[in-house]
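**Q** Model the full structure from these sequences, guided by the hints.
As a plain string of letters, each chain reads:
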Amino acid sequence: MPATRLMPTEEAQDLIDLTREICDKQLRPKADDGERLAAQGEAHPTEAFRTLGRAGLMSLPYPEELGGGGQPYEVYLQVVEEIGAAWMSVAVGVSVHSLTCYPVAQFGSDEQKSELLEGMLSGEQLGAYCLSEPLAGSDVASMTTKATADGDGYLLKGTKAWISHAGHADFYTTFARTGDSGPRGVSCFTVPAGTEGMTFAEPERKMGLHADTVRQVIFDGARVDASRRIGEEGMGMPIALSALDSGRLGIAAAATGLAQSALDVAARYATEREQFGKRISEFQGLAFLLADMEAAVTSARATYIHAARLKDAGRPFSKEAAVAKLIATDAAMKVTTDAVQVLGGAGYTQDFPVERYMREAKVTQIFEGTNQIQRLVISRQLLKSL
Amino acid sequence: MNIVVCVKYVPDAQSDRTFNDSDKTTDRESVDGLLSELDEYAVEEALKLVEAGEGEVTVVTVGPDQAADAVKKALQMGADKAVHISDEAIHGSDAPATSLVLAEAIKKIGSPDLVLCGLASTDGTMSVVPAMLAERLGLPQVTQASELSVEGDAVKIRRDGDVASETIEASLPCLVSVTDQINEPRYPSFKGIMAAKKKPVETWTLADLGVDAGQVGLDNSWTKVLEFTKRPPREQGEIVKDEGDGGSKLAEFLASRKFI
Ligand SMILES: Cc1cc2nc3c(=O)[nH]c(=O)nc-3n(C[C@H](O)[C@H](O)[C@H](O)COP(=O)(O)OP(=O)(O)OC[C@H]3O[C@@H](n4cnc5c(N)ncnc54)[C@H](O)[C@@H]3O)c2cc1C
Chain R
1 MPATRLMPTE
11 EAQDLIDLTR
21 EICDKQLRPK
31 ADDGERLAAQ
41 GEAHPTEAFR
51 TLGRAGLMSL
61 PYPEELGGGG
71 QPYEVYLQVV
81 EEIGAAWMSV
91 AVGVSVHSLT
101 CYPVAQFGSD
111 EQKSELLEGM
121 LSGEQLGAYC
131 LSEPLAGSDV
141 ASMTTKATAD
151 GDGYLLKGTK
161 AWISHAGHAD
171 FYTTFARTGD
181 SGPRGVSCFT
191 VPAGTEGMTF
201 AEPERKMGLH
211 ADTVRQVIFD
221 GARVDASRRI
231 GEEGMGMPIA
241 LSALDSGRLG
251 IAAAATGLAQ
261 SALDVAARYA
271 TEREQFGKRI
281 SEFQGLAFLL
291 ADMEAAVTSA
301 RATYIHAARL
311 KDAGRPFSKE
321 AAVAKLIATD
331 AAMKVTTDAV
341 QVLGGAGYTQ
351 DFPVERYMRE
361 AKVTQIFEGT
371 NQIQRLVISR
381 QLLKSL
Chain E
387 MNIVVCVKYV
397 PDAQSDRTFN
407 DSDKTTDRES
417 VDGLLSELDE
427 YAVEEALKLV
437 EAGEGEVTVV
447 TVGPDQAADA
457 VKKALQMGAD
467 KAVHISDEAI
477 HGSDAPATSL
487 VLAEAIKKIG
497 SPDLVLCGLA
507 STDGTMSVVP
517 AMLAERLGLP
527 QVTQASELSV
537 EGDAVKIRRD
547 GDVASETIEA
557 SLPCLVSVTD
567 QINEPRYPSF
577 KGIMAAKKKP
587 VETWTLADLG
597 VDAGQVGLDN
607 SWTKVLEFTK
617 RPPREQGEIV
627 KDEGDGGSKL
637 AEFLASRKFI
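As you go down the protein sequences, you meet chains R and E in turn. Note that the working numbering has the first sequence beginning at 1, numbered continuously upward. Note that the working numbering has the second sequence beginning at 387, numbered continuously upward.
A couple of the hints might just be wrong.
As the list claims (entries may be wrong) - Now the stretches of chain R that chain E is said to cover, found in silico as 3 or more residues with beta-carbon under 8 Å:
hint : region
1    : 14-20
2    : 44-57
Unchecked claim - Only pairs whose alpha carbons sit at most 20 Å apart, straight line, appear in this in silico EDC-like list of lysine to aspartate or glutamate:
hint : chain 1 : residue 1 : chain 2 : residue 2
3    : E       : LYS577    : R       : GLU10
4    : E       : LYS577    : R       : GLU11
5    : E       : LYS583    : R       : GLU11
6    : E       : LYS584    : R       : GLU11
7    : E       : LYS584    : R       : GLU65
8    : E       : LYS584    : R       : GLU10
9    : E       : LYS577    : R       : GLU21
10   : E       : LYS577    : R       : GLU65
11   : R       : LYS25     : E       : ASP566
12   : R       : LYS25     : E       : GLU570
Everything labelled a hint here was simulated from the structure, so no lab data went into it. We treat Cβ as the ideally placed atom computed from N, Cα and C, and that holds for glycine.
**A** Pasting the structure below:
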C-alpha cells in the first residue's frame, strides 16, 4: 500500500509519482538479487544511482541556481522514504550523497560552489562522507587523522572507518585535524577519487545493507589542494555536526520507508495465511500487533516531517531531527522484527524479504549518531532550554 | 523536423480493468489511467530525433478529461507542446472514428514531417489506428519499426518479422509506428516535471476541428462491443500421483494437449 501523503504542491505530487514509477520498475525488482550479489562482493547499485541521478532525484534539496531541485526537505525526505520502501541501501546512498554535498553547498565559497557543486549535484557523481575513525565513532571530535600544511595544500594521514560508498565514490568529503586535539582543531576537505595516497581496505562483511559498500579509507600522505578546504581551518566540527542534523533526517525517512514495506508484507500475509480455520488477521492478538506496527510507521513519518517543516521554515530543528532519527529507526527495528513474527517460520526464511528488512533496520539505530547519541542531543537541548 | 506523436490514455493494466455495464465501452472512470506504455517508445523516438537535429515534438491525444495525464507525462519526458481533443460526442468511438478525429487534429496542428505512433494501445490492442490515420492523411505508412533513421527527405526503418527483417525506406512526410524494441524510453526528470507545467496544452472539441458529431461516437462507429465475459480465473493445475506410471501419465497429458 503506498503511504497516504499530503504534498505541498502539484509538482511535489508529480515528483512522488515519478519516484514510485522508478522504484517499481528499477529498484524494488532488483533489491533482493542486488543485496545477495553485493553480500558476495559482486555488485554495487551504480546503475540505480545513475537512474535516480538522471531523473534529478540525487540533488533535490539543493537550490536550483546551484543545479539542485530546489525542493524543501518536507518533499525531499518523502522521496527518500519511497526509495527506502523499495531498496534500503539505495535510499541510504541517496541520503549519504546529500550529506556529502552539504558542506560545499552551505559553507563553500562561491568559487567552490561553481567549481565543485555542479558536478556533485549533476546526478552523475556519488559522494562519500569520511568522518568516523576506528577509535573515534560517537566521540568523533577525538579523531586523529591529520591534515598537515604543505605548500598550497595539505597532506592527509590517518584512517577513516565504516565509510559508505568507499571505492565507488567520485569525491570524499573528509574531516581531518589541522590544529590541536579537541573539537576546534578539525577542518573539512573534499578529496577527489583517484587522489594518490588514498586507498581502501577490503569491504566490511556486514549483517545487512550489503549494497551499501562500507570500507576503511586510508590516507597516507594524500595531497589535497587548499582550494578544496571547505570553510576556515578549525570549522570542521561545526560543519560536520550541522551536516549530520540534516543527514539524520534522511536516515529517519529511509527507515520509515523500510518499516512501511515490512508492514505491507506482514499485513498482506496475515490476510492470506489460515490457521485454526481462519485467516490469522482475524485473531485479535495478531491484528493488534499489526495496528501497533501501523501506529509506529505513522508516528515515524510524522516526526520526520515535523522536523523537516521546521528546517524549511528556517527555525532550529536539531532537537526535532534527533527525535525523528530516534523514533523512526526504533520504529523500523520494532516493525521489521514484528513483521518476521507475523510471517512465522516463513518470515525467518529468505523466501520473504522481512528477515532482510530486519537486518537492514538494525544499522539505522547505529549510524549517523547512535540512538544513545540522539538521546544525548535531545536531553542536552531540552535541559538547555529550561 | 516537426514531429507529431499520437498517444493514448489507457486504464492501468495493474488495476482491475473492466467495461461499463450500460454501453459496453471501456471503463475509464473508476480505474486509474496512464500514458499507454507502448506509446512511450514513440515519444522517446521523437525526442531523440529532435534532440539530434532540430524541430518540435507535439503530442496529440483523443480522450476524456483525465487523458490530460497522458499528455502531461509526454511533456514531462520532454515533448514541446500538446493537443488534447476532448468531446462528449467522441465517447465510444471505434478505430475508424478515432482516426478521423486524429487526422483532422494533425491537419490543424500543421503539416508535420513525421507522425509517430506506438505499436498498439495497451487497452484496445488493435494496432489499426496508424494505418487508418496514414490513409486519411494521405501519407506513406511504415509500421512496426524496430529501428528508425532519417536521412534527408527519407526515413529508413527495420521491421522484424518471424522469418526475416526488412529494411524499408519511405519519403517524408510519412507516418511510422514503432515497436517496444526501438529504444528504452526515458523517465521524466524532475526538471522535466517543472518545465512541463509551463508548456502549452491546447484542448480542442469536435467543433474546433470541424468534425460533425454524427461521424463519431458509439452510435456512429462501424463496430460495437455486444457482450463481454470476464476471463475465468485460472483453474488449479491437476496433480498426478506417481504410482509407478507417472511417466506415461505425463506423456498422455502432454499428448492430450497436443504438446507432443
Ligand atoms: C553500515 C554503516 C555505514 C556507515 N557509514 C558511515 C559513513 O559513511 N561515514 C562515517 O563517517 N561513518 C559511517 N559509519 C560509522 C557510524 O557512524 C559509527 O559506527 C557510529 O557513529 C558509532 O560509532 P562506533 O561504531 O565507534 O560506536 P561507539 O562510539 O564505540 O559506540 C559503542 C556503543 O557505546 C554507546 N555510546 C558511546 N558513547 C556514548 C555516550 N556518551 N553515552 C551513552 N552511550 C554511548 C553507543 O551508543 C554504542 O551503543 C557507518 C557505520 C555503519 C555500520
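**Q** Which numbered hints are broken by the structure, listed smallest first?
**A** none
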